[in-house]
Amino acid sequence: MNQIHKWVLSGIIICSLVLVANAQVTRKNIDQLTPEELGAYEHAIQLLRDRSAKNPYLLDGYAWQAWVHNKNRVSVPKKNTLKQGKMNPTRFYEKAASQTYSDGTYGYPGMCEHGKDIFLVWHRAQFYYFEQILQNTDPEGTIVDSKGNKYPTKDIGVPYWNFTQKPSGKKFPKAYENKKSVLFHEGRNLENNPEYKEFTSPELLASLLDEPDWPTFGGYVNATNGGYGTFEAQMHNPMHTPFIGGDMTYPSRAAYDPIFYSFHSYIDYVFEAWIERHGTDDITSTDYFLRAEQPQEFNLPDFNPGMGDRPNMGQAKLYFDIKKLGYQFKSEPDDTIYTKQQIETFLQDENGMPLELAKSDLSPYYKLFYEGVSRKPEATVGKLITNDVTVKPASKKQPYLYTYTEPNASSSYQIDLYMHPKKVKAEISSEKFRKKYFVATSTAWLDPEHHHGSNGMMDHKLNVDLTKVMNDLDKNFDKQAFQLTINHTKL
Amino acid sequence: MSVYFDPDIKNIFAPYVQPMLEVSIATDQGTFSLDLSNYESVCRLSQRIKIAIEGYMPGKETAHPMPPGNNPLPDRDIQKYNDWLDAGMPEKEGAETFEGVIV
Ligand code: HEM
Numbered sequence: 000m001n002q003i004h005k006w007v008l009s010g011i012i013i014c015s016l017v018l019v020a021n022a023q024v025t026r027k028n029i030d031q032l033t034p035e036e037l038g039a040y041e042h043a044i045q046l047l048r049d050r051s052a053k054n055p056y057l058l059d060g061y062a063w064q065a066w067v068h069n070k071n072r073v074s075v076p077k078k079n080t081l082k083q084g085k086m087n088p089t090r091f092y093e094k095a096a097s098q099t100y101s102d103g104t105y106g107y108p109g110m111c112e113h114g115k116d117i118f119l120v121w122h123r124a125q126f127y128y129f130e131q132i133l134q135n136t137d138p139e140g141t142i143v144d145s146k147g148n149k150y151p152t153k154d155i156g157v158p159y160w161n162f163t164q165k166p167s168g169k170k171f172p173k174a175y176e177n178k179k180s181v182l183f184h185e186g187r188n189l190e191n192n193p194e195y196k197e198f199t200s201p202e203l204l205a206s207l208l209d210e211p212d213w214p215t216f217g218g219y220v221n222a223t224n225g226g227y228g229t230f231e232a233q234m235h236n237p238m239h240t241p242f243i244g245g246d247m248t249y250p251s252r253a254a255y256d257p258i259f260y261s262f263h264s265y266i267d268y269v270f271e272a273w274i275e276r277h278g279t280d281d282i283t284s285t286d287y288f289l290r291a292e293q294p295q296e297f298n299l300p301d302f303n304p305g306m307g308d309r310p311n312m313g314q315a316k317l318y319f320d321i322k323k324l325g326y327q328f329k330s331e332p333d334d335t336i337y338t339k340q341q342i343e344t345f346l347q348d349e350n351g352m353p354l355e356l357a358k359s360d361l362s363p364y365y366k367l368f369y370e371g372v373s374r375k376p377e378a379t380v381g382k383l384i385t386n387d388v389t390v391k392p393a394s395k396k397q398p399y400l401y402t403y404t405e406p407n408a409s410s411s412y413q414i415d416l417y418m419h420p421k422k423v424k425a426e427i428s429s430e431k432f433r434k435k436y437f438v439a440t441s442t443a444w445l446d447p448e449h450h451h452g453s454n455g456m457m458d459h460k461l462n463v464d465l466t467k468v469m470n471d472l473d474k475n476f477d478k479q480a481f482q483l484t485i486n487h488t489k490l
Numbered sequence: 000m001s002v003y004f005d006p007d008i009k010n011i012f013a014p015y016v017q018p019m020l021e022v023s024i025a026t027d028q029g030t031f032s033l034d035l036s037n038y039e040s041v042c043r044l045s046q047r048i049k050i051a052i053e054g055y056m057p058g059k060e061t062a063h064p065m066p067p068g069n070n071p072l073p074d075r076d077i078q079k080y081n082d083w084l085d086a087g088m089p090e091k092e093g094a095e096t097f098e099g100v101i102v
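Sequence order for the protein chains is A and B. The opening position of the first sequence corresponds to residue 0 in numbering that gives the first Met the number 0, with each subsequent residue numbered one higher. The opening position of the second sequence corresponds to residue 0 in numbering that gives the first Met the number 0, with each subsequent residue numbered one higher.
So here's chain B without its partners, still in its complex pose (with noise of 0.2 Å):
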């Protein structure tokens, strides 16, 4: 079964917008706010937020694994997102898919 950004990544996201926007994440490319409701944010930041939701897995430790507070997502979540990023990032059915830089 397809998984797209809306409603599947969407949802996993949906409960940590609002604390991730006070947020700015600095790049070799700028500097940038992560609003993880929004498919144009989240494609662009979508390898940083791998490293970051893969931090707790034996082997993948990372400065900032994330949520915070020892709260990784369950496994079958962040499956999903790889799941999302293998298929290219689609947004939903029959939309066009990111075509900007991955930073």
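Next comes chain A alone, as it looks inside the complex (with noise of 0.2 Å):
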């Protein structure tokens, strides 16, 4: 061969490999993809199971993709010799991870970033480079995988699980109850509190969506403070954990679960409409460096690893236009989130009157959270803490935010908020009280094994925004004594 006919060649390989990385795919509802594409999804999950049965520490494998989620630092042997055989895949990633090779290096597989302002963007990011690799496990379905299948990748959007909506299966999406696909997982809560069928509501999300604070809404910065904003300690830390369960119960292994990817660009969806709604402006710490090691043929193409040591994805910033990444959402009219207009309906009384916290006999939060879902606050009482409150205005720039702190926080918890007159009793036990004067609630998603693989435990804080609770309060109650209640309960 000359060298131009060599020159034409390599550009036509590095073309096509352009081609694969950055055709615009579709991330859809998992209910409505068609056979062949639900097929190709799971034969690429097969694949990726595949290679990490032979090799746990290929980083496009399964293990490795999912220790990103939250195993900071793994021994990586020079030749690998550990064979997954029949043991189930989460005893055999476990025990992969907890390995220590006298002839071996260290690898970091990655820190999700929970409880702080970069909580989105690096799940984004992440997902970012898995939907790469089950892009590029098989393109155009040449490879027969363990299961027997072979279906072409080259076109998967990782699907999405719309956990708002009633399940298509009992309580999960039917591909994920089907016992017989790679998508089924062991231990999931299918069969304990069978009543427990949708725990978030449509109405919950579009009225956390239209909260424009981005700290209230996508969680706080780090360096100092740091905190959950409202998406990710009233929807997702509670759907892992007490709704989805198993593997998905513990940060560190979570993504074991192949519902974690489904439940997780939902997650990314709801971002997505975050942005639409309020652009990203106000989006901070977009210059950070998003923590995890992950297979450099994918990285986009103005990634720069900045100056540190440890391996990254690059900066949040990458990671903020969807159509750079190579996919968009197809909606379904169920995904529609409904409009402000519906949700002020939504939050009137029989008689088209809107529900006034603390006055009506319905909470117009309590209704938020609970109505049409099975999730209801704690009825049993906890650990109780009060706060004397004098009801007057807030705003944006005088927030009214109570924060939690728990001290040596081993394992996830719930705290459930409740606005009284401080001369009526917080009887958490009696129904009416809990319907009448419920204002939030808020769960902490920790890891009782480890955190981040340490074995210390951290002290762990909780933000809560009544901003608006203060001023909805103020309309009826200005300058009266009232008392915060919170009801603290363990999961």
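Watch out, some of these pointers could steer you wrong.
List of simulated lysine-lysine pairs, BS3-like, C-alpha gap at most 25 Å [what the hints assert, rightly or not]:
no. : chain 1 : residue 1 : chain 2 : residue 2
1   : A       : Lys-396   : B       : Lys-91
2   : A       : Lys-178   : A       : Lys-53
3   : B       : Lys-59    : B       : Lys-91
4   : A       : Lys-358   : A       : Lys-196
5   : A       : Lys-395   : B       : Lys-59
6   : A       : Lys-178   : A       : Lys-82
Some chain A residues flagged as far from chain B (calculated, every beta-carbon gap over 10 Å) [said to hold, decoys possible]:
no. : residue
7   : Gln-98
8   : Pro-211
9   : Asp-308
10  : Leu-383
11  : Gln-479
No lab work stands behind these hints, which were simulated from the structure alone. Using N, Cα and C, we set each Cβ at its ideal position, and we do this for glycine too.
Got two chains here, each in a separate frame; can you build the complex from them with the hints?
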């Protein structure tokens, strides 16, 4: 072959690689996939599992990709001899992650960012790589996986599970309940609490998305204070636990369950919906580097690793334009986010009057969080915390923010908040009290086994922004003595 | 009396070197290891360390107070660390001070 031929040929190869990497794929609702599309997704996941079964330390295998979520360091052998054999995937991946090889080097799969302003963008970056890996497992459908299937994978977009709608299966999308599918995963709360069907409502989602203040919705800056945004604490966390359960209960194992990916694909849909409404100008920490060790061949064209010595996925700001990341969402009518008007109508009583906090028998917040879903505030009394409050207007400049700190936090917990006149006794066990005075719930999602791979327990903080609650109260109870009662329970 | 990285600050951090080597710290300059026994590494992240070790003090709350587990360093060690920062982070007597980037 002469030199010109070589250039032409390598040009074609580079172009076709670029094409695979940059093609616009569509992330669809998992219930709307054609059998071929679902087959292709299952095939790609199976191929990732097959890779890891032979070598769990491959960056483009299932195990490593799951470790990206929360195994900050693993020992990687010079030559792998560990094979999965008949072992179940979770046990095998955990075993592989805990080995120490004397001839090995350290790898740094990743540390998910939770409880801070880069939560949504960190997961988006994780998904960018994951989706590229899936597309490139078997672009043209020429490889037979260990289940005997082959499908072209080049057009895969990670399908999303809209968990604010009734599930197509008993509790999850049907595709995830099919025991023969690689998407099925042992241990989820399928049989426990069968009455728990849907946990978070589209009304709650729409009202959270309406919040224009970035930290309130998306999370607080880390280096000083940090803290969950409303979406993470009020929807994402309780879905992990108690709703889904199994490996999804633990940050360090969550992605062993393939439902993690469809769950977070929807979370990315929500992130995009927030950006569509409010833009990206107010998003904070956009220069932050996102820690994870990913296959370099999928780095974005303007990727730059910065000056540190640990691997990363580049800066947060690379990940705001989904077109550049090669995907778009296709939504079904049920996926359309409710309008402000619809929420206002929803928050009326049977006579069409707006529900009023501490006046109506039903708090508008209770209705928002709990109507039409099986989730309810905790009726048993846990640790009670009370704060005296004088009702007065709050504003963006002077927000009313409640911060709960859990010392030595070792496992997930929930706080339910009630705002009631000081003269009304907090009776958590009374449904009447809960319905009338409930204002918010917030869940911390923590790893009882280890936090970020260390053995140290962290103090943990939950911020709950009650600015709107305070202004609602101010309409009827200006300067009156109220009490904020918090019911803290372990999950 | 002057405070130096070696031995003063190094001794304070000695019990915590191994667990912190597992962690990657994200900043707007890159992602970094923190080797608490290494002069350059501690200087580079010196402001993040200050925030972390002061994180248990009232009014100075931070997302990740260090060392974790409601286990603050004694006040005198935090003071020593701050004195060391104020003195320009000298490594040891006669040695040149850190001139790299603080992230
Ligand atoms: C005096 C001793 C220590 C110092 C000076 C220190 C310093 C730091 C600093 C500066 C950070 C970054 C904080 C941030 O991003 O806001 C950090 C994070 C972290 N440290 Fe330490 N550390 C110490 C001890 C420990 C110990 C003993 C452990 C484990 C047993 C530990 C585990 C961690 C973990 C897991 C993180 C990451 C938190 C996250 O980003 O989610 N540290 N440390």
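ask   = Out of the numbered hints, which ones does the structure contradict?
value = Structure breaks hints 1, 3, 4, 9.
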